[in-house]
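Chemist: Fit the two chains together into the complex; they arrive one by one in their own frames, and the hints show the way.
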Amino acid sequence: MVTAVHGALPDVRAVAETVTDPELPMLTLADLGVLRDVGVTHTGTVVVSITPTYSGCPAMDAMRADLRQALRAAGYEDVEVRTVLEPAWTTDWISAAGRAKLAKAGISPPHLAPTRGPGPVQLDLGTTVRVIRCPQCGSTRTEEQSRFSSTACKSLWRCRSCLEPFEHIKEI
Amino acid sequence: MGHTDHQDDFADAYGAIAADNDEHRWAFGSGFEDPLAGVDTSVPSGVDGTDLATYCLMLGDDALILSHRLQEWVSWAPELEDEVAIANIALDLLGQARLLLARAGKADGSNRGEDAYAYLRAAPELRNVNLVELDNGDFAHALARLLVFSTYRLALLDHLRTSRDPVLAAIAAKGVKEVTYHRDYAARWMLRLGDGTEESHSRAMDGLAAVWPYVDELFAAHEVELRLATAGIGVDPSSLRAEFDSVVAEVLTAATLTRPADGRASAGGGRSGEHTEALTILLTELQGLARALPDATW
Numbered sequence: 001m002v003t004a005v006h007g008a009l010p011d012v013r014a015v016a017e018t019v020t021d022p023e024l025p026m027l028t029l030a031d032l033g034v035l036r037d038v039g040v041t042h043t044g045t046v047v048v049s050i051t052p053t054y055s056g057c058p059a060m061d062a063m064r065a066d067l068r069q070a071l072r073a074a075g076y077e078d079v080e081v082r083t084v085l086e087p088a089w090t091t092d093w094i095s096a097a098g099r100a101k102l103a104k105a106g107i108s109p110p111h112l113a114p115t116r117g118p119g120p121v122q123l124d125l126g127t128t129v130r131v132i133r134c135p136q137c138g139s140t141r142t143e144e145q146s147r148f149s150s151t152a153c154k155s156l157w158r159c160r161s162c163l164e165p166f167e168h169i170k171e172i
Numbered sequence: 001m002g003h004t005d006h007q008d009d010f011a012d013a014y015g016a017i018a019a020d021n022d023e024h025r026w027a028f029g030s031g032f033e034d035p036l037a038g039v040d041t042s043v044p045s046g047v048d049g050t051d052l053a054t055y056c057l058m059l060g061d062d063a064l065i066l067s068h069r070l071q072e073w074v075s076w077a078p079e080l081e082d083e084v085a086i087a088n089i090a091l092d093l094l095g096q097a098r099l100l101l102a103r104a105g106k107a108d109g110s111n112r113g114e115d116a117y118a119y120l121r122a123a124p125e126l127r128n129v130n131l132v133e134l135d136n137g138d139f140a141h142a143l144a145r146l147l148v149f150s151t152y153r154l155a156l157l158d159h160l161r162t163s164r165d166p167v168l169a170a171i172a173a174k175g176v177k178e179v180t181y182h183r184d185y186a187a188r189w190m191l192r193l194g195d196g197t198e199e200s201h202s203r204a205m206d207g208l209a210a211v212w213p214y215v216d217e218l219f220a221a222h223e224v225e226l227r228l229a230t231a232g233i234g235v236d237p238s239s240l241r242a243e244f245d246s247v248v249a250e251v252l253t254a255a256t257l258t259r260p261a262d263g264r265a266s267a268g269g270g271r272s273g274e275h276t277e278a279l280t281i282l283l284t285e286l287q288g289l290a291r292a293l294p295d296a297t298w
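Protein chains in written order, with our numbering: chain A, 1 to 172; chain B, 1 to 298.
So that you can see chain B by itself, here it is in the shape it has in the complex (with noise of 0.2 Å):
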């Protein structure tokens, strides 16, 4: 086949690409630059650098799993705009998860990469709380999870704003603007599917009921927490359940829906590395190719 004009523009195209041998204009695979490339990450005075890294992955580990599990609805939301918002804010928690990772691995000393967390670890050494590791479910339970979720992690990103942790201060400000825009987006859906129609306020109150037992555990602090809260670096999440139940309730009475019965699902939790069955399903699949293939580039 002759050259034509044509093919040689795709050639050109090709090679305006490929010249600069600069693998970082491909946005896939593995080998992305440290999100926190020159970034002092030097550990705060007075805090244990393990102590600080296990809280790094307490918040890094929440929005990496709950971004994978929105993740799972791309393709399946209701309507094309919510496909658009669901894997935005997911993208939004996955930077997030980025940031924290990457800083997890410079607080303990290790100088793991956020690769090395997010693929090479067992289910018993993630730290997220369990909440965010439950299935799916229907499009209102995942709203229900939403709503629980960004409303705390809203409160607790407000507050570490001020850490004596410049990294973790940086990260949670610049997080809580993402946050707010997914908590108004969780809660205008659960007033319109709890003042909608019988089906929708029945498939809300069922959502709120199934995500209603893992509530508990989010403000119960682990000693790690309570430690970080006492240096000045992180939040003690028993301290944020009034603004949370005081943002729950606005949206439950908006959305004519009720609150369900306080009760825990089990006294272990995600922030010591108890998890459920789900999270071991989930991890295979999040993990499968990197650990198939050590040390893959693509």
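So here's chain A without its partners, still in its complex pose (with noise of 0.2 Å):
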């Protein structure tokens, strides 16, 4: 897909990627790596291609509206917000820009995905140590109070040593 020259129009791509995510506003679609294509067709549409997180993720019509407004307000009227779903979200996409804004903001960013070997998913009983540190004091003497959080993205943390909680966005 090719980007064309609109005019004066700015980039459709840099309008694209300004929009922020509805549940972690400090990061854009970009940083987050749901945002995976844009582009114009030759008559003109704009095409923006967006993966979700988790599948039941209730943003994805915030983020297709949003996409649509910020482009609609930089110029662009035909714009199509398609979603891709091959290939799944990973964590690894967040880029090294949003894991900074992550920090910064208080959660902790996740570590790498994990990799599969062969044969089926193996369990996890909880007897594998995980070393989270908190985004708070920096201290490693942190506890997994749930791997479920405010959103279906991030798991549940306390620091044993300033006693705050915290979020980890899990690897996935």
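Where hints are given, some of them may not hold.
Computed beta-carbon distance windows for the label pairs [said to hold, decoys possible]: (1) B/E277 with A/T127: 39 to 49 Å; (2) B/E277 with A/V131: 43 to 53 Å; (3) A/V131 with B/T284: 47 to 57 Å; (4) B/R112 with A/R130: 39 to 49 Å; (5) B/A209 with A/R130: 28 to 38 Å; (6) A/R130 with B/R161: 22 to 32 Å; (7) B/E199 with A/S139: 34 to 44 Å; (8) B/T41 with A/E144: 37 to 47 Å.
Computed footprint of chain B on chain A, listed as stretches where at least three residues anywhere in the stretch have a Cβ under 8 Å from a Cβ of chain B [stated by the list, open to error]: (9) 24–32; (10) 134–148.
Because the hints were derived from the structure by calculation, they are not lab data. From the three backbone atoms N, C-alpha and C, an ideal C-beta is built for every residue, glycine too.
Modeler: Structure below.
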């Protein structure tokens, strides 16, 4: 897909890249790796492709609306937002800038997503000790409270040094 | 009352939301966008579209109905963390259901949306296994069911990643990541309950005993599943039993629980539309508003 030059309109990818995530507003959709492609067809339709973080992500409709609104405001009237399911989103796609923004907001960024060997998915009964650094005080004396938190993509942790709770983006 | 800056802030905030006249900013009601918007949903060669749709309904209905049962737990779970965990698991399953029901509408040529399947089918038209429709029972019962279901579904989705239908393969690949967390959650709870107090151990055993008569149905292949397995689109569920048994054995051993005796609740099954009364009651709640006010949007 080719990005056409649209007279005096701002670069279409640059506009799409300003749109932020509805639930993690410190991150853009580009930082999060949700924005997969931006292009313009030969008939002038802007086509933006996004992928859901989780199947049930309730923010997908809001993301589509926000993308359309931002592009309309920049002068692009004809916008189509497409869903891409494959390959499935992974936290490895969160950019370095995105990770820095998360940490600054007190959310622990993800480590590398686990790689799978051959055979069935391994059961994790909680015996693996994981080192997650507290985003507030930097201590590694932390413990997982719950693998589910305020949104599907986060787990809930507590720091045993500063005693503050914090969230960690769980690796998928 | 005179205008204050404060009131103007509220007026502007409302205006900012309403001004673009884009109702999709609101994640309520019906009228959601097609979750498969922009996805190529053509039916692969060598497979009957009606079969493919039926198969998507089987997997989609499992997710839809268990999601509803898990949603019933919200505000009843033992701890806040579990409220959140169960709600998140229900949301993942609802997302999987939306994709699968939408895929069914593209495969059978009816072009029905997800809502038409979720809200406008009667119990005999649903294809979910009986396991997911049973009443919740106590927390141990719910966790025993979640362990059984997520162990089965994870094995199933993992095999579906290589389906010749690229849409099913993509839905499965995403679902594997989610259900891995669901299974771990259920397994860890079974560990706490089984290896906990005498009371929690006995409740975990009761929960397992209550769901176990519904296990065999998961692995009994329906003719549609067999045809799609042959076509490289679906999975023959009987091929998943060994992995299921091995994972469940690992959890039960660690939890000091014993596996109940095998035995099937009934000869029929949800894959053919044969359900228990519990599903009819569940659908009354799930579908009540949509049926009372057809085409309502809000």
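Chemist: Take the C-beta atom of B/E277 and the C-beta atom of A/T127, compute their distance, and say whether it sits inside 39 to 49 Å.
Modeler: holds (42 Å)
Chemist: Kindly confirm whether 37 to 47 Å is satisfied by the beta carbon distance between B/T41 and A/E144.
Modeler: Distance hint for B/T41, A/E144 holds at roughly 39 Å.
Chemist: Looking only at beta-carbon atoms, does the pair A/V131, B/T284 fall within the given range of 47 to 57 Å?
Modeler: holds (49 Å)
Chemist: Take a look at whether the Cβ-Cβ distance between B/R112 and A/R130 falls inside 39 to 49 Å.
Modeler: holds (44 Å)
Chemist: May I ask you to test the hint 43 to 53 Å on the CB atoms belonging to B/E277 and A/V131?
Modeler: Holds, since B/E277 and A/V131 (Cβ atoms, about 50 Å apart) stay within the stated range.
Chemist: Examine the segment 134–148 of chain A for residues whose CB is less than 8 Å from any CB of chain B, and state whether their number is three or more.
Modeler: holds (count 4)
Chemist: Verify the CB-CB distance for A/R130 and B/R161 against the hinted window 22 to 32 Å.
Modeler: Cβ of A/R130 to Cβ of B/R161: about 26 Å, so the range 22 to 32 Å holds.
Chemist: 28 to 38 Å was suggested as the range; check whether the CB atoms of B/A209 and A/R130 agree with it.
Modeler: The hinted range 28 to 38 Å holds for B/A209 and A/R130, with Cβ atoms some 35 Å apart.
Chemist: Given as covered by chain B, does the segment 24–32 of chain A meet the bar of three residues or more with CB within less than 8 Å?
Modeler: With 0 residues in contact (Cβ-Cβ under 8 Å with chain B), the coverage given for the segment 24–32 of chain A is violated.
Chemist: Is 34 to 44 Å a correct range for the gap between the Cβ atoms of B/E199 and A/S139?
Modeler: holds (37 Å)
Checked against the numbered hints given earlier, this structure breaks only hint 9.
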